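Fit chain B to the given chain A structure using the hints.
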Amino acid sequence: MRLWCGVVFCIACSACGRPDVANSPSQRVLTVGFPEAAVPGTEVGLAQLINVLTLEGLTQTSLSVDGRALPRLAESWNWEDEGRRLRLQLRSGVTFHDGTAFTSTVAAEALNRAIARASTRALYPSVADVTSVRPEGDLQLVLDLSRPSAFLPEDLDLPLSIGPNNVGTGAFRRVARATGVELERFDRYYAGAPKIERIVIRPSDNLRTSWSRLLRGEVDMVTDVPPEAVEFIQNDDIQVISFARSFQFLIAFNSQSPVFRSAAVRRALNAAVNREALIARVLQGHGEAASGPLWPRHWAYDGSAQPFRFDPGGAEASLELAGLHLPATARGTPGPPARLRFTCLLPADFTLLERIGLDVQKQLYDVGVDMMFEVVPIQDYDARIREGRFQAVLVDMISGPTFARPHVFWGAPRRDGLHAFGYDNAEAARLFDVLRTSINEGAVRSAVSRLQRVLLEDPPALFLAWNQRARAVRRHFRVPTSDRDPLFTIWQWTENTDSQSVSTK
Amino acid sequence: MKRISTRFALLLAAAAVVPLLGYGAVSLLSLRTGAQQAVIDGNLNVARQVAEQIELYVNGSVNILKAVAADLQQTGLERWQQDRILKNFVLQFTEFKELTLLDENGRPIVSSRLGTPTVAVPGSEGVNLNGTLISRFSVDDDLLPTAVIAVRLVDRGGGGWLVGRLNLEAMWRMVDRIRVGRNGYALVVTNEGQLLAHGNPAAKSLVARGDNLSAHPLVSRIATALPGQQVTFAEYGDERGPMVGVAARLPSLRWTVIVEQPRVEAFAIPIRVQGQLAIAIVVALMVMLGVGYVWGHRFIDPILALTRSTRALAEGRLDERVTVATHDELGQLGVSFNNMADRLVELQEDVRKKERQAMFGRISIGLVHDLSHPIQNIGNSCKLIVKMFDDVEYRENFKRTIERELAQVKRVLDDLRNVARPMPLQRFPIDVNKGLADLVESMQTTADNAGLQIDTEFVLGPLYIEGDLFALNRVYRNLIMNSLQATPPRGRIVVRTSQEHGQAMVQIEDTGYGIPKERLDTIFEDFVTTKRRGLGLGLAISKKIVEQLGGTITVSSEVGVGSTFTLRFPLTEARPSRLAAV
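Quick mapping for you: the protein sequence lines, in order, are chains A and B.
Going letter by letter, the first sequence gives residues 525 to 1029 in the numbering used here.
Going letter by letter, the second sequence gives residues 73 to 654 in the numbering used here.
Because the hints were derived from the structure by calculation, they are not lab data.
Just so we're clear, the structure is a prediction, and the values are computed from it rather than from any experiment.
There are no misleading hints in this set.
Per the computed footprint, the stretches of chain A lying under chain B, defined by three or more beta-carbons under 8 angstroms from a beta-carbon of chain B, are:
| id | region |
| --- | --- |
| 1 | 730-736 |
| 2 | 865-877 |
Pair by pair, the computed Cβ-Cβ distance ranges are:
| id | chain 1 | residue 1 | chain 2 | residue 2 | range |
| --- | --- | --- | --- | --- | --- |
| 3 | B | Ala139 | A | Glu800 | 25 to 33 angstroms |
| 4 | A | Phe767 | B | Asp113 | 45 to 53 angstroms |
| 5 | B | Gln121 | A | Leu845 | 50 to 58 angstroms |
| 6 | B | Thr296 | A | Glu800 | 49 to 57 angstroms |
| 7 | B | Gly230 | A | Pro861 | 21 to 29 angstroms |
| 8 | B | Gln145 | A | Pro861 | 17 to 25 angstroms |
From the three backbone atoms N, C-alpha and C, an ideal C-beta is built for every residue, glycine too.
Chain A on its own, in the form it takes in the complex (with noise of 0.2 angstroms):
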């Protein structure tokens, strides 16, 4: 039921706080406030970002910029038997936050405990090959698989939790509270207790509240900052981190709807958008033109691929050449006239969506389009998709950093879950399952270099730009300097000593 919600708005969560502690400030606890309203009625991004601080999977693909798995609490893999048998050599001296030891036997019942998971399956499609996970000796994990899948490695990054509590391995455990949710950091992490002893998340009916929480020196992050907001909350006490998302903002065709069937008017809508204006008017520059669903710093992307060119005149003789004519009058239709008329879900009180909806609009209208937008609150807006009662639907959907994301959305075939966009292209569908089932390096870049010209060919969307975030924290904090999101490396923050407290009085 709120699949949608975890995935349109993310892996990554945002919020900061600090409740009790607001008027003494100590680098050992950081507050994390957390706008609830941004996901309406849902606590899918408090979870997410709980699991974030205390889960650990076998993986990590979090911090991967180019897309490949990275050890964690597995330390190195092979493949065996053709690409049919996974073999995982355990990191020793991991502990489980209620002291249970991290064997090849307690990783093989969490593993098969994550796989039985719905939503696993769902966003972790090749955990589904799995046939078996067999212990061997204390340190290995083996798992045999129906047929080879490559994508299980960066899939393993699914966390691993045991007991009724979900208790994992990560830098930091939760504490019981009445109120709140509070964590502390975890003395046996294996990489080393973090410096920062206590997290607290302190939830916030609206972004707005939990900046002037920041500002006024109550919390010490704010996980998302907008664009056009982040000059104004830099300042001397506070740091805004702007990091390269793995998200993208897109118009997903239903390929079931009669409008889209046709792939040149896909392609003419993608040439009819002039990306960068539209990054530089409503993102405010924080973006990058998407062309397609891969992720451009996979290694395996290849970047000699032409993305989609602005050429509205171009777009305007394609659709005039699929037979889509502007007409004289709009008589007898609620709108403007238009070649091409069509509805996209919007859902409701997300503005930066809005403003991309309203620029993406104008900019079809342009070349005689008619995008109409229906808003709907967030909950419709998931069940619609599920059930594939829409048009197009604006989203800012996860795409990466693994070929293993747009597989989901793309490359399988339209079942319950992600695949709900219908898009039905052979030649796409083949080359996803070559990204799939092949552990060849070499077979994986042809593969992907065939499949962005395929999805050129035949956009199952209209590509509009990979997005960024900014969190802001406040200087106190040393932040590792990394191109990915700091929510990960929270375990390593530091004090830092430099900083000026500035105040806010």
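Below, chain B alone, put in the same frame as chain A:
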């Protein structure tokens, strides 16, 4: 004592520095007033420019809204066309985040929003700008400032309102760009004290939490100003210390732009000049004091030299002279001083010469007196001894006379020799009582001849002192002889001994004529005597002997009553060797 040089330095300093201080104070006051006014004018100019820009921005935005309203009021526009107009305007003019057309009842007709419109016609809490209603300021979900503006559509059938959400981000940017000095910022507040923008990044939270600045000193003064009174400047303190604030009003919006700056920074130049002037005054004062001190010394040095020379003359150093290098009155005083010193030397020589002559005369007379009688007796005896040589008795008598007179001559000569060179003393334990008893007995005859009674009052037992018997006998004899000579017939002389505080005390007391008080202090000096004849060496020699033996001699006397000489000697534990052997 305050030295003249110090007084002179102070006088010079006062004479030079008081005008300097006065000049400095006037200059400082003028400079400070002028510089402060310049700073205030400069900051006020900045505030006014910001106010003008904000007013231009808001007025421009209102004009845009009116233009859109005019477009919407064109007849025959379909709803989708109105919708398109609003959306196009919002895309084209980023000043507006939303434009919504409301009917007379406030229900939305068309909107640039894809979702539900968020604006409504501002109520009475806003301001009316030439028929355009402007709401209070607020921060939207994107953390940016907005205000709602509404224009009434008078030409449209059915009336209605065009309402826009004005993006005041530009105002923030304008305010953010204002930086006066290093720490001077601009801020914008409404008439009600609501803070709209603050240029200090650290103070943005005040905007975010909707702080009311009614208590701000400048805002409150503006709010309480009388009609017609314009408050543009104030000095006040906040957590950053003393501040200087200027205010420019936006009457149409009822907003105020304030530019405030720490006082120490705003008035840095006058403060710096003030410090420099203070340093200059202190330096000038020190220089004046130094110059005054040097000049004072130059002036006072001759006087000091005269003082030193005068003191030297008083101490008897008559060869001291003043070096006179000037030709002024002090120089003349120095010359006179030197002449006076020369004259003093001459006078001293005269006095000495006369003293020598007097001394020589007195010695000559004494010698004549002391020697002429024995010599005459010796001469007479010699003549008679020749005539009466055969008479044995006479011859023996003359012989004794000659020997006695020769002894007298010898004593006189010994006295003279002892004055020049004290005799060496042989010290050994002696009994004072015994020596005195023997001597008194030997002089009893002389006393009887003079018709005087001489008594002894000795302490019981011996009184041993370390002494020279011969020398002490001479002292006793001198004192007793003086008493005999100074006491008229039927007088009494008492020789007394006693023991007091570990000392042996000898007193020779007579009932003689006594010594005048004014002469008591000098009777122990050489060649001083109360007698009409004699050298006056007896008491001087006695005093020297007593002091050589570690004793003291004093005298008390009353004219017509008598005199008492008192001698004190330290007692000794030693005994004569003969007694010790016993």
